[in-house]
Amino acid sequence: MANLAAVVGIGQTKYMTKRLDVSIAGLVREAAVNALQDADLTWDDIDAVILGKAPDMFEGVIMPETYLTDALGCNGKPMLRVHTAGSVGGSTALVAASHVQSGMFKRVLTVSFEKQSESNAMWALSNPQPFSTHLNAGAGGYFAPIIREYMRRSNAPYDVGIKVAVKDRLHGARNPLAHLQKPDITMQEVEESFMLWDPIRFLEACPSSDGACAMIIANEELADKASKKPAWIRGVAMRSEPTMYAGRDEVNPQAGRDCAADVYKQAGITNPRKDLDCAEVYVPFSWYEPMWLENLGFAPEGEGWKLTMEGATSLDEGGDIPWNCSGGVLSSNAIGASGMIRFAEAARQVRGDAGDHQVEGAKLALGHAYGGGAQFYAMWVVGSEKP
Amino acid sequence: MSEEQEVVTVVKAPVYLKYNFTAGAAPARFLAQIKKGVLTGQRCPKCSAVYVPPRGSCGGCGVATEEEVVLSNKATVQSFTIVYIPIPNNPIQPPYIIANVVPDGANVSFIHLMSECVNEDVHIGARVEAVWKPKEEWAFAMDNIRYYRPIDEPNVPVDQIGKLPVTGLEG
Amino acid sequence: MKEIAIVGFQQSDSVSDAGAVNEVEMIMPVLSRVFQQVGINNAQDVGFVCSGSCDYLQGAAFAFVAGVDALGAVPPIKESHVEMDAAWALYESILKIRMGHADSALIYGFGKSSPGELPIVMSQQLDPYYLAPLWVDSISLAALQARLMLDQGLITEGDMAEVVSRSRRNAMNNPHAQLAGDVAPDDVLAQEMYLSPLRKADICPVSDGASAMIIATVEKAKEWGMPYAIISGIDHCIETHNLGMRDLTDSVSTRTAAKRAGMDAGKVDVAELYAPFSHQEIILTRALGLADDTLINPSGGVLAGNLMMASGLSRIGEVFNRIVSGEVQCGIAHATSGPCLQHNLVTVLEKA
Numbered sequence: 001m002a003n004l005a006a007v008v009g010i011g012q013t014k015y016m017t018k019r020l021d022v023s024i025a026g027l028v029r030e031a032a033v034n035a036l037q038d039a040d041l042t043w044d045d046i047d048a049v050i051l052g053k054a055p056d057m058f059e060g061v062i063m064p065e066t067y068l069t070d071a072l073g074c075n076g077k078p079m080l081r082v083h084t085a086g087s088v089g090g091s092t093a094l095v096a097a098s099h100v101q102s103g104m105f106k107r108v109l110t111v112s113f114e115k116q117s118e119s120n121a122m123w124a125l126s127n128p129q130p131f132s133t134h135l136n137a138g139a140g141g142y143f144a145p146i147i148r149e150y151m152r153r154s155n156a157p158y159d160v161g162i163k164v165a166v167k168d169r170l171h172g173a174r175n176p177l178a179h180l181q182k183p184d185i186t187m188q189e190v191e192e193s194f195m196l197w198d199p200i201r202f203l204e205a206c207p208s209s210d211g212a213c214a215m216i217i218a219n220e221e222l223a224d225k226a227s228k229k230p231a232w233i234r235g236v237a238m239r240s241e242p243t244m245y246a247g248r249d250e251v252n253p254q255a256g257r258d259c260a261a262d263v264y265k266q267a268g269i270t271n272p273r274k275d276l277d278c279a280e281v282y283v284p285f286s287w288y289e290p291m292w293l294e295n296l297g298f299a300p301e302g303e304g305w306k307l308t309m310e311g312a313t314s315l316d317e318g319g320d321i322p323w324n325c326s327g328g329v330l331s332s333n334a335i336g337a338s339g340m341i342r343f344a345e346a347a348r349q350v351r352g353d354a355g356d357h358q359v360e361g362a363k364l365a366l367g368h369a370y371g372g373g374a375q376f377y378a379m380w381v382v383g384s385e386k387p
Numbered sequence: 388m389s390e391e392q393e394v395v396t397v398v399k400a401p402v403y404l405k406y407n408f409t410a411g412a413a414p415a416r417f418l419a420q421i422k423k424g425v426l427t428g429q430r431c432p433k434c435s436a437v438y439v440p441p442r443g444s445c446g447g448c449g450v451a452t453e454e455e456v457v458l459s460n461k462a463t464v465q466s467f468t469i470v471y472i473p474i475p476n477n478p479i480q481p482p483y484i485i486a487n488v489v490p491d492g493a494n495v496s497f498i499h500l501m502s503e504c505v506n507e508d509v510h511i512g513a514r515v516e517a518v519w520k521p522k523e524e525w526a527f528a529m530d531n532i533r534y535y536r537p538i539d540e541p542n543v544p545v546d547q548i549g550k551l552p553v554t555g556l557e558g
Numbered sequence: 559m560k561e562i563a564i565v566g567f568q569q570s571d572s573v574s575d576a577g578a579v580n581e582v583e584m585i586m587p588v589l590s591r592v593f594q595q596v597g598i599n600n601a602q603d604v605g606f607v608c609s610g611s612c613d614y615l616q617g618a619a620f621a622f623v624a625g626v627d628a629l630g631a632v633p634p635i636k637e638s639h640v641e642m643d644a645a646w647a648l649y650e651s652i653l654k655i656r657m658g659h660a661d662s663a664l665i666y667g668f669g670k671s672s673p674g675e676l677p678i679v680m681s682q683q684l685d686p687y688y689l690a691p692l693w694v695d696s697i698s699l700a701a702l703q704a705r706l707m708l709d710q711g712l713i714t715e716g717d718m719a720e721v722v723s724r725s726r727r728n729a730m731n732n733p734h735a736q737l738a739g740d741v742a743p744d745d746v747l748a749q750e751m752y753l754s755p756l757r758k759a760d761i762c763p764v765s766d767g768a769s770a771m772i773i774a775t776v777e778k779a780k781e782w783g784m785p786y787a788i789i790s791g792i793d794h795c796i797e798t799h800n801l802g803m804r805d806l807t808d809s810v811s812t813r814t815a816a817k818r819a820g821m822d823a824g825k826v827d828v829a830e831l832y833a834p835f836s837h838q839e840i841i842l843t844r845a846l847g848l849a850d851d852t853l854i855n856p857s858g859g860v861l862a863g864n865l866m867m868a869s870g871l872s873r874i875g876e877v878f879n880r881i882v883s884g885e886v887q888c889g890i891a892h893a894t895s896g897p898c899l900q901h902n903l904v905t906v907l908e909k910a
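Protein chains in written order, with the working numbering: chain C, 1 to 387; chain Y, 388 to 558; chain G, 559 to 910.
Same shape as in the complex, but just chain C (with noise of 0.2 Å):
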């Protein structure tokens, strides 16, 4: 059985195209400093630092941890780098935690950033390597036609995903750390918006966000004494699965399947939809929103899109299940973080400290990431109440 563990302290940066006012290291320090204030704790408090980010050639700096170190006030200490593609920080607060999960570590500090300004994370991605063609026009070329096939198998509306665009925009408007702020967002506004790859149009994806996100996990006693009300883990959980094997479901992948099994098993849930109080689900192109709430279980295969349309899913329409509160990856997208803020956002509901976007009297939230392929998962379950 492992041991009981709970988030104590949270912190991110501002999400921004470009952050020119301070370094990657500038970057990282801010959330942890932020997340140091929340807990009402000093770096001394810290017993190792969990850092995580997507491919080193986003920044152009090999294996950053290292350099960061420094910044991170973790000279003396255990420094781990966790990279597990775009479901990074979410693996990374699962890595973070089973320092304290295994009895081995009381407090650590774990953080996700990504400065995408600072390099060409479009061309980090296409890096023509030589005998392959050269046809990836960034993610949503890949995501596209999976997107395509999901449309054909479920029959949705062609505007499932402009319903997507609009809510994520409308909760990030509540959230002033969102890198995109569009309060009077439309239908009409998304709709008319520059097709990228058919069919996901411009506001139909994510942007490119500087930021960083961090956490402070500790061990229950410290958690127990903890100066504002921690976020206690119920259950945790990753899956990975090949990118390509004959007979692959890409639509409704079994990683992620087995993955939220896995997760709900151990927090008991059993009905997520009815189990859970909101969810903050790595949704970087609209129509994963439709997707991943039948992979994850929330609605029958197929029957997903019906969930969005009937604004279930809305914090603004007082749905009964809202997905992304915090305005979500379609809000603000700093990669190697964007996962962590899932998980940093679902402990941030369960502690009743999500500001304007709080869902009311939140107990049970999930915090999910994905990345490669959609091929790696990483998600956990937090709760108000120690279980």
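One thing to keep in mind: the hints can contain errors.
Interface residues of chain Y toward chain C, partial, derived using beta-carbon atoms under 7 Å [unchecked claim]:
1) A436
2) N494
3) V505
4) V509
Restricting the straight-line Cα-Cα distance to at most 30 Å, the calculated cross-link-like pairs of lysine-lysine (DSS-like) are [unchecked claim]:
5) C:K265 with G:K560
6) C:K265 with C:K14
7) C:K18 with Y:K405
8) C:K106 with G:K758
Quick caveat, the hints were computed from the structure, so don't treat them as lab data. It should be emphasised that the depicted structure is a prediction, and the values quoted were computed from it without experimental measurement. Every residue gets a Cβ at the ideal spot worked out from N, C-alpha and C, and that includes glycine.
Once you have looked at the hints, place chains Y and G on chain C.
What follows is chains Y and G alone, placed relative to chain C:
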């Protein structure tokens, strides 16, 4: 230090690194064939799935793919997208179609261009064939196939995509 | 705290250029040997998988994703990755087992360093604003460290040559070694300077290859019925990145990690130290306070072949091999990361 200091917000530090890239043993066998104008896949000895282009292993089983299989020029569209933005380092002009196509005889799809078609008419299950560059331009490269174009054959039912034998629909 | 057992370890030969093979082709044979050693089929038979690799070695983002294609990860598996030496993947795996979410784990590391100019590539690991734009390569930084040692009278060039000579001779018994031979210290000293005060022989070679390990709870190891060694302690520690703020002639973080890992310097039969430069082996030996009768780098160490991202794991595997063969009772293994021994991990192993 009485004068007001200029705020430094950007330093440029370009990174130049050279690599001698190798494709891998299994991809090299594939590339040697495509140089000759032949599209090959490789079969997993465990689950019999045929991979194209081969990367060296069957991802599902984690074993090396050894047996080479000659694939058809005909293929089926598993899915596609119409792209409206240019690709870095690629002269192609938008809008263009990139499709996941499965050649007959293979069990996984790969991404390639589609052309000689009305973009709006492309659909999942459509039959297509490879259009090769002129022989004198063949290199160790996937784009010896310039693109795929539609052919006049019945659609493939969705549950059969990725399962057609090398003989195609008749098989 | 759950006791962790190492049950299997395999590594590929260290070669200067693995030639045509790509990453997945480099990994698969090593994995299949380690599965065979333990008597299991594939990654489905362990509770967790963790790997270590670095995108910049091969020059393409997401190098590790290819690794998953070597695992047989259908149905999906519990899997993670560190952009570090696989010794840290072992560390993550131990956390996973100790928290009760796995009873066993596969750990592997791989690196194909030959495609690029490794010492130059590693210059981009430095502070991106102040140091990386200077393109200071990893060998030059180590040379600076060796110069400090020599000028302070802490070592002589003869001491460094002794380290090289012992490595080459020990490596003659290591079938995976890249550099081995009956080389006397004077032969080393007769070589010309490469980057003063380092001769080429003082520097580990650039190598391609992979290594893999399987660990388990003691209960699971007994169930498998294979000989195993116990990891009685493991810890790691990082120091400041600012070289000017470190005493480069010492390795404080190695000493700290060893202490936290519970190392008893009087009870170390064998030590495998990740010292990519001859003088660093001396720094590490002294930092750890190893006794004269401790066998140091009987495999030849990384001077005989350096599988970047796997060498740290291989050090642990080498000690494991000697314990299960009955050659020794206990030992320690060391792994390092970052310029001039910035980040160090120490594992203490014992006979079961």
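So, going through the hints one by one against the coordinates:
1. Given the 7 Å rule on beta carbons, the hint for A436 (chain Y) holds: about 3 Å separates it from the nearest Cβ of chain C.
2. With a cut of 7 Å, the hint placing N494 (chain Y) at the interface with chain C holds, because the nearest CB-to-CB distance is about 4 Å.
3. Here the hint on V505 (chain Y) is broken, as its CB sits about 14 Å from the closest CB of chain C, past 7 Å.
4. Nearest Cβ of chain C to the Cβ of V509 (chain Y): about 10 Å, over the 7 Å cut. The hint is violated.
5. Between the alpha carbons of K265 (chain C) and K560 (chain G) the distance comes to roughly 24 Å, so the proposed pair stays at or under 30 Å and holds.
6. At roughly 35 Å between alpha-carbon atoms, K265 (chain C) and K14 (chain C) are farther apart than 30 Å, so this suggested pair is violated.
7. The straight-line distance between the Cα atoms of K18 (chain C) and K405 (chain Y) is roughly 29 Å, inside the 30 Å bound, and the hint therefore holds.
8. Of the supplied pair hints, the one linking K106 (chain C) and K758 (chain G) is violated, its CA atoms being roughly 45 Å apart against a limit of 30 Å.
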